[in-house]
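Participant: Residue numbers (our numbering), protein chains in the order written: chain A, 74 to 545; chain B, 74 to 545.
Worth flagging that the hints you see were computed from the coordinates, not collected in a lab.
Glycine included, C-beta positions come from ideal geometry on N, C-alpha and C.
Keep in mind that the hints are not guaranteed to be accurate.
What the simulated footprint calls covered on chain B by chain A, stretch by stretch (three residues with Cβ under 8 Å from a Cβ of chain A suffice, anywhere in the stretch; the number is not a length) [what the hints assert, rightly or not]:
#1 377-385
#2 447-458
#3 462-471
#4 478-488
2 protein chains.
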Amino acid sequence: MVALLGAAMIPSALLDIADNSDQWPIFLVSSAVSILIGAGLAVLSGGAPPSTGAREAFLLTVVIWIALPLIATIPFISYGMSLTDSTFEAVSGLTTTGATVMTGLDSTPRGILLWRAILQWIGGIGIIVTAIVILPMLRVGGMQLFQIESSDMSGKFLPRITEITAQTGIVYLLISAICAIVYAACGMSAFDAIAHSMTTMSAGGYSTHDASFGYFSDTPAAYAATFFMFVAGLPFSLLTLLILHGRWRPFASDPQPRLYFWLAVGFSVVIVVWHEAVVDPPVFDHIFHGFRQALFNIISIMTGTGYASAPYDTWGSPVTVIFLAATFLGGCAGSAACGIKMFRLEISFKAVAAYAAQIVRPNRIVRVRYAGRVVSSDTLQSVMVFVFLYLATFVVASVLLSLTGMDPLSAISGAATSVSNVGPGLGPEIGPSSTFQNIPTAAKWVCLTTMLLGRLEFVAVFTLMTSRFWRG
Amino acid sequence: MVALLGAAMIPSALLDIADNSDQWPIFLVSSAVSILIGAGLAVLSGGAPPSTGAREAFLLTVVIWIALPLIATIPFISYGMSLTDSTFEAVSGLTTTGATVMTGLDSTPRGILLWRAILQWIGGIGIIVTAIVILPMLRVGGMQLFQIESSDMSGKFLPRITEITAQTGIVYLLISAICAIVYAACGMSAFDAIAHSMTTMSAGGYSTHDASFGYFSDTPAAYAATFFMFVAGLPFSLLTLLILHGRWRPFASDPQPRLYFWLAVGFSVVIVVWHEAVVDPPVFDHIFHGFRQALFNIISIMTGTGYASAPYDTWGSPVTVIFLAATFLGGCAGSAACGIKMFRLEISFKAVAAYAAQIVRPNRIVRVRYAGRVVSSDTLQSVMVFVFLYLATFVVASVLLSLTGMDPLSAISGAATSVSNVGPGLGPEIGPSSTFQNIPTAAKWVCLTTMLLGRLEFVAVFTLMTSRFWRG
Ligand SMILES: [K+]
Ligand SMILES: [K+]
Numbered sequence: 074m075v076a077l078l079g080a081a082m083i084p085s086a087l088l089d090i091a092d093n094s095d096q097w098p099i100f101l102v103s104s105a106v107s108i109l110i111g112a113g114l115a116v117l118s119g120g121a122p123p124s125t126g127a128r129e130a131f132l133l134t135v136v137i138w139i140a141l142p143l144i145a146t147i148p149f150i151s152y153g154m155s156l157t158d159s160t161f162e163a164v165s166g167l168t169t170t171g172a173t174v175m176t177g178l179d180s181t182p183r184g185i186l187l188w189r190a191i192l193q194w195i196g197g198i199g200i201i202v203t204a205i206v207i208l209p210m211l212r213v214g215g216m217q218l219f220q221i222e223s224s225d226m227s228g229k230f231l232p233r234i235t236e237i238t239a240q241t242g243i244v245y246l247l248i249s250a251i252c253a254i255v256y257a258a259c260g261m262s263a264f265d266a267i268a269h270s271m272t273t274m275s276a277g278g279y280s281t282h283d284a285s286f287g288y289f290s291d292t293p294a295a296y297a298a299t300f301f302m303f304v305a306g307l308p309f310s311l312l313t314l315l316i317l318h319g320r321w322r323p324f325a326s327d328p329q330p331r332l333y334f335w336l337a338v339g340f341s342v343v344i345v346v347w348h349e350a351v352v353d354p355p356v357f358d359h360i361f362h363g364f365r366q367a368l369f370n371i372i373s374i375m376t377g378t379g380y381a382s383a384p385y386d387t388w389g390s391p392v393t394v395i396f397l398a399a400t401f402l403g404g405c406a407g408s409a410a411c412g413i414k415m416f417r418l419e420i421s422f423k424a425v426a427a428y429a430a431q432i433v434r435p436n437r438i439v440r441v442r443y444a445g446r447v448v449s450s451d452t453l454q455s456v457m458v459f460v461f462l463y464l465a466t467f468v469v470a471s472v473l474l475s476l477t478g479m480d481p482l483s484a485i486s487g488a489a490t491s492v493s494n495v496g497p498g499l500g501p502e503i504g505p506s507s508t509f510q511n512i513p514t515a516a517k518w519v520c521l522t523t524m525l526l527g528r529l530e531f532v533a534v535f536t537l538m539t540s541r542f543w544r545g
Numbered sequence: 074m075v076a077l078l079g080a081a082m083i084p085s086a087l088l089d090i091a092d093n094s095d096q097w098p099i100f101l102v103s104s105a106v107s108i109l110i111g112a113g114l115a116v117l118s119g120g121a122p123p124s125t126g127a128r129e130a131f132l133l134t135v136v137i138w139i140a141l142p143l144i145a146t147i148p149f150i151s152y153g154m155s156l157t158d159s160t161f162e163a164v165s166g167l168t169t170t171g172a173t174v175m176t177g178l179d180s181t182p183r184g185i186l187l188w189r190a191i192l193q194w195i196g197g198i199g200i201i202v203t204a205i206v207i208l209p210m211l212r213v214g215g216m217q218l219f220q221i222e223s224s225d226m227s228g229k230f231l232p233r234i235t236e237i238t239a240q241t242g243i244v245y246l247l248i249s250a251i252c253a254i255v256y257a258a259c260g261m262s263a264f265d266a267i268a269h270s271m272t273t274m275s276a277g278g279y280s281t282h283d284a285s286f287g288y289f290s291d292t293p294a295a296y297a298a299t300f301f302m303f304v305a306g307l308p309f310s311l312l313t314l315l316i317l318h319g320r321w322r323p324f325a326s327d328p329q330p331r332l333y334f335w336l337a338v339g340f341s342v343v344i345v346v347w348h349e350a351v352v353d354p355p356v357f358d359h360i361f362h363g364f365r366q367a368l369f370n371i372i373s374i375m376t377g378t379g380y381a382s383a384p385y386d387t388w389g390s391p392v393t394v395i396f397l398a399a400t401f402l403g404g405c406a407g408s409a410a411c412g413i414k415m416f417r418l419e420i421s422f423k424a425v426a427a428y429a430a431q432i433v434r435p436n437r438i439v440r441v442r443y444a445g446r447v448v449s450s451d452t453l454q455s456v457m458v459f460v461f462l463y464l465a466t467f468v469v470a471s472v473l474l475s476l477t478g479m480d481p482l483s484a485i486s487g488a489a490t491s492v493s494n495v496g497p498g499l500g501p502e503i504g505p506s507s508t509f510q511n512i513p514t515a516a517k518w519v520c521l522t523t524m525l526l527g528r529l530e531f532v533a534v535f536t537l538m539t540s541r542f543w544r545g
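The task is simple: from the sequences and hints, build the whole structure.
Facilitator: In structure tokens form, the structure reads like this:
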């Protein structure tokens, strides 16, 4: 993995050479160092095939997610950024959060910009594979729900984990390529199209412009981005079945995309109706303009992409509150999107309904069903534990951020956007029109820790901390 | 119940007569009407003893909680307040929320002020009895945990539900009387002492002064209030055992008071340490002054009393975020305090730890223990459902409040303070130095609905809405 990340630096180096930038040695040296470290680790661990118990899987996941960001900081440090800022930018990239401490992106060397996009793209596929392969095995956060499907698939289509990974990777690459071509056709430069396709499909949200997607606001590219961000929030395991095997039925019968679609449309309609009824003078030229802008930004926040096409934090109070709520929602399981995710929301609501029904009829057993199957109480508990842990982390991070001196709205939205890996917060300090550059150093470390926690779906890290874990 | 509420109006009438106020006919007429309605209902339903299935218990609870506020509005309407404001004040009183739409309290007829205090006092004992007797029976929100204790008690000490109710009532009355005497000894007028003891022990928070407890800030009464608010957040079933039966062991072995105490002290220490380290010029004269103020207001918010002794929303950003978080915490189960409550917090955290341990050792069954007993998966699920429903209600109410035109901090803290029955929100509009008087009419209805939902511990209302409920 480390060696791969090192190899991933080479394109950035080549681009900088092509641009006659003086940054190219950075990437070549970092690349060489990383490949050497990676090869060394591989040789060291290569002898014995690792035993793959839950404990080893956890350990490996956590070690990788701590080692990769360290390597990823090297180009930023060489570029002259502080250790804090470099780590923040690398973690924010690899976790696909997309919160940035950099300004003046329009005049930043293209090597660095490409490096940021590549980090997110690698982070994205890493997360998708983790969600499809590792989390169901570890029974984390209710992901065991999706294990049956994978083993279904492994019986019929995908004999081995490496094949699942390879096929998912191909689909990811394919959709990213299509996205880049469409972006270019919509008028983006080749560089912008490639960089943005990488950060769209990973739900990452790093842009090559300070104005984020506002740079392309009201161009066809904004429509394309709305579509591809939505796609990035769909379950990739099912997209793989659909695209590589022509099986549309699992996709059509999955309840997640439906809820995801209607939530995005619903929120946009609420915003537009409220805008038409109340806001005077209007922010939008006409209803359709408003709906387009609302949909772009809601999908961007729900999937956790974090592109902003407009300063939605100035549209009004309900929009602020809705965007804060949307920050938590996330996309579908098995995508690069973040947050609580559709299936957990649906299962939680069904658990509430089932419990209410159970109280009324104590003599009957009321079961929670999801996608036609009975949800085991083990899964139910693991979903509830996830949601609770998620919100507890959010509250603790909010308090810590406020203690570093951030104002309440910034602290709360900063904690929300970090734990959900969304990117922009709310308010003048860290809102969509601003960056995380000027928040206190301590706040940056709180944010990046929270990003890692959110990305690892918590339980991995918490398990590592459990004393029993170490007692063997 | 309705007749009792009518009878409860008589003291207010007498006080107004004594004050030569022209308000006294209001109370006598309202009182007569209520007693008549109550007597009529009693005669109508008196024939058949009601069957006490879960369904009937739910229905009764909800009907009572809708009927009582209607009766309680009569004095406010007669006093000249609008229907919205009267309903808000009555619901806020009976649910012991204590958010008010009235200003100029210092010059308001004492009959109305006493009526507000009596509403909260009645609401408080109603809630305590509901929590001790009805909720465990209905298995709502994990309250079944406390059923074993009640049936323990019923076997040894308290043969029947009426006796539990009577004994709890006596202890409630006793502590309220002591509280009033102590307040008077601390220099309050007799009227203030009685009114404030009623709103302290019910965790209600209505005051007789616009400045709330700020009127008595830095007097001995503030110390007394800190102590009695803390007592109001303790489990009354255990206080009853302690006071009437001298059994201190159940009290000492309950983990709730400990967590409750340390959370309150912990938050205060964080606030004071942060204040000493960062805030310049200081808000407080010296460390002890700061600790005293922080502890008073934190306990006030945690228990949901909602007295404010200082404009803590201006102390700084961390204080705002901590108070917002504290709004959700609540006191112990079986008290008049509100919020998520200590035992649900502790069980949720233990469920997280147990789940993490379970993942590491899939072959072993890891059980959640609370107070030395194994928590059944049914109870666990019901606690998780409660927490989820609580937060979902909070999010929906936040969005609705923001749609009525409230700013984000007011909308979010307004939703939090309503669902938790705390009282004051945050920010200039509804903060501790202000009232709910100037929020939009629609927002008042959203708030009072949320208060009722929070007070009924949700599942009651939710169950009523379940279509299966009606199918029988
Ligand atoms: K993102
Ligand atoms: K209150």
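Participant: It remains to establish, for every hint, whether it holds in the given structure.
Facilitator: Hint check results:
1. 377-385: Since three or more residues must qualify, the claim that chain A covers the stretch 377-385 of chain B is violated, with 0 doing so at under 8 Å.
2. 447-458: With 6 residues in contact (Cβ-Cβ under 8 Å with chain A), the coverage given for the stretch 447-458 of chain B holds.
3. 462-471: holds (count 5)
4. 478-488: holds (count 7)
Hint violations for this structure: number 1 only, all remaining hints satisfied.
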